[in-house]
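Trainee: Once you've looked at the hints, go ahead and assemble the two chains, each given alone in its own frame, into the complex.
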Amino acid sequence: EVQLVESGGVLVQPGGSLRLSCAATGYIFSTYWMHWVRQVPGKGLVWVSRINEHGTITGYADSVKGRFTISRDNAKNTLYLQMNSLRAEDTAVYYCARDVAGANDYWGRGTLVTVSS
Amino acid sequence: DIVMTQSPVSLPVTPGEPASISCRSSQSLLHSNGYNYLDWYLQKPGQSPQVLIYWGSNRASGVPDRFSGSGAGTDFILKISRVQAEDVGVYYCMQGLQTPYTFGQGTKLEIK
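One line per chain: the protein sequences are A and B, in this order.
Quick note: the first sequence uses the working numbering, first residue 1, plus one each step.
Quick note: the second sequence uses the working numbering, first residue 1, plus one each step.
Don't read these hints as lab results, they were simulated from the structure.
The hints are all genuine.
Restricting the straight-line Cα-Cα distance to at most 20 Å, the calculated cross-link-like pairs of lysine to aspartate or glutamate (EDC-like) are: (1) B:K112 to B:D87; (2) A:K43 to B:D87; (3) A:K43 to A:E89; (4) A:K76 to A:E53; (5) B:K44 to A:D105; (6) A:K65 to B:D1; (7) B:K79 to B:D65; (8) B:K79 to B:E110; (9) A:K43 to B:E110; (10) A:K43 to A:D62; (11) A:K76 to A:D99; (12) B:K44 to B:E86.
In this text, all values refer to a predicted model and were calculated from it rather than measured experimentally.
Here chain B stands alone, though its shape is the one from the complex (with noise of 0.2 Å):
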């Protein structure tokens, strides 16, 4: 199975700073179709989870331009450019390369 590890655990930040977070794999994720199967997901308090960026850097449809992602291969980055109190919940990345799928521990955001 795939490992997904991510760091920080927990992640305190002051509003309208940037905040990153690091998801590495213990397999590459690049499929033959050239698309690096990582997810970021994010889970607001009392909520679903809700994706952020599929293929490592497409950011999802509403999902505002703050977030970005990056990376390729085994290591992947979620950035905030700018915080915004709304931000705050647990954030996942997941491997969709290869059943079974796996998600990283999370990691949770809050604001300082």
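Chain A extracted, bound-state conformation (with noise of 0.2 Å):
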């Protein structure tokens, strides 16, 4: 069965740093492309990074561009956000989820980023 678990979300403050880690279980992590995708409580999803299957590969949304850095260790199945200069609008459910055919076919059930002073 496949399953994803993020970890890593805490409260920060403004301008702190975390990083998040997504575990992938049940299937072939090294061979399916990531995406780290967030979603303010009560309101829309919105993309955040991806990464191929070498981790050679990345994009990120504008918002995030420059501050967050997604990789990932295929030794250990884990695929990582680090997120750097927090701000209060970065605060949301942040989810990783695999991407087959370029949709994302399973999702984590999210982990919870806050940052306030």
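Mentor: Spelled out as structure tokens, the structure:
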């Protein structure tokens, strides 16, 4: 059974840093692209970032470009999102999702990041 | 960036009746491989999103056949042939043609 489990979401002060993790099980992690998507509670979905199976191709939303870095460790079956220079508007639930044929077929349950002083 | 526009924003439906949601993109979503990179997702209350349709019209594994997707280029439609109570939630379209990927604002389907 495919499972994605996010972790690392906490309360952090503006300007701070955080690293989210997404542990993947139940499939060959190293053969799939992966995404991060976020959602302010009660609001819509916003795509954040993606990475190819080798970790050599990445993409970012304009709102996080230069502040967030997506990466992966295929040996550990884990996806990461390094978040720097955090702002209040980064407060959201962050989901990781697996990419198949350009669609996100499996999603984690999300981890809540709160940026506040 | 490609802008995705969904309508309606709210969709009250009587059980057993059909429903449709429109999604329009600001640029064509047709890839050189012939596929339209448009997906539909449903986020049920309190749950993570789940994929319904990919490449505009391909039903994802396990998705009931009452859900169908159509369209090409910039105009797409998600249809539910007979709405059931379990279909309530927010429906999103998303373009996966180019980064940044973008979602529509969502359509909230509720049961009358």
